[in-house]
Amino acid sequence: MSAVWPKRFIFSGVCLLSGLLTLPLQAAEVDQFSGRGALTLTDSAPLLDAEVNRRLQLAVDMANRPVTKPPQLRTRPALQYPACEEERLYDALAWELARPVIGQLETFAEEHPQISRHRVAFRDSVYRNFIWQQSPSLVLSERVAAVIRVGDVEIGSDKLGHFFTEGYSYFEVTERLQDSVEEGMLFGEWSESLYFGAQTTGVFSFADLAANLNGLRFWNRILAHHPDPLSGREVTPYIRCEQQRWQLVDTFHFSGYIDTAWNESVNCSAFRNLGMLEQVLHYQPRCTPQALPQHKYGRWQDRVLNHAGLQVLPDYLQPEVILAQRAFMREVRLPEGVLERIRELRLQLDIWRQQSPPLADSFHDHQQQEP
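Using our numbering, the letters of the sequence shown map in sequence onto residues 475 to 845.
It should be emphasised that the hints constitute simulated quantities derived from the structure, not laboratory data.
Warning: the hint list may mix true and false statements.
Stated by the list, open to error - Derived Cβ-Cβ restraints for the label pairs, each shown as a range: (1) D517 <-> E810: 52 to 62 Å; (2) G783 <-> G730: 24 to 34 Å; (3) R807 <-> T725: 42 to 52 Å; (4) D535 <-> D789: 26 to 36 Å; (5) A782 <-> A512: 19 to 29 Å; (6) G783 <-> D824: 20 to 30 Å; (7) D789 <-> N527: 18 to 28 Å; (8) D653 <-> R573: 22 to 32 Å; (9) N603 <-> P788: 17 to 27 Å.
Quick reminder that beta carbons are idealized off the backbone N, C-alpha and C, glycines included.
Take the sequences, apply the hints, and build the full model.
Dropping the structure here:
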């Protein structure tokens, strides 16, 4: 039986589009084209692996920590030890690994003195000609992620945030993989078409989607209640309940997750419109989709891998199309006309972006109008 789409989801569909320009997002983009090969990066995997394993142990310790009994239940002793409570464990893991917007490992990769990084300033990047109306969160923050090497693959540091934080979102959206992976994929495409990509930075990153999906694999492997969502094979958990206490029983390695699909000069992005694509192409970025992994992603490869190279965002990845698919998956009925309204708002916003004056002119006009 279908149900009426909840008002909060209509609000996130219609109002989000019209309010994006005032949203103080810090979502970063990475430029893996400028200065490519100019600096030989050393492998950061050992440092990153060690940091993840350190945080996994901290989360286990936090989840095992005793709690104080309510006064009405107190006898001696007053403390009780939780017996492998899953919610408590996932809360502790999210606290250590899945901070919203800018994740802990992303910050670690950006700041650790021993991690080799290649940085491109916004003014030197392939995005330098974007104006704030086109790409508010990127132009106003000028935040371009650093490039690091993990194993044999160079990635943007922002992918680490996607892996842990958005991967956890996939895990929650799929009810910890009790529901279809498709739920997570649609959520990722929805967020990338709106607040993490196309409507805020102008860039829809397929490499972000690859990191997100691998993040789902990681979160599933915490307790390994389900087979790996890509291979379908049973996996060894990182954490197991032993004698009523959580124990870290396996070691994390990024090598089990990272591949060339995380590299934006291989798994190339789509841009919100032709003008933005042309602004990037002016700097002759070299995209090599032939280096994408061939067999890893199975049924999801057409959703995660962009074999077409740099392109304009296709219609099937517009937010109103993805919203309709999400509604179908959840067996809910959208109010009549809501999808067309979202499409109209998106198109009107793009027209405004093309006609609106530069930020400095807008500020000057505003000052002139004040008494």
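Hints and how they fare:
no., hint, verdict
1, D517 <-> E810: 52 to 62 Å, "55 Å, holds"
2, G783 <-> G730: 24 to 34 Å, "28 Å, holds"
3, R807 <-> T725: 42 to 52 Å, "47 Å, holds"
4, D535 <-> D789: 26 to 36 Å, "49 Å, violated"
5, A782 <-> A512: 19 to 29 Å, "27 Å, holds"
6, G783 <-> D824: 20 to 30 Å, "23 Å, holds"
7, D789 <-> N527: 18 to 28 Å, "43 Å, violated"
8, D653 <-> R573: 22 to 32 Å, "25 Å, holds"
9, N603 <-> P788: 17 to 27 Å, "23 Å, holds"
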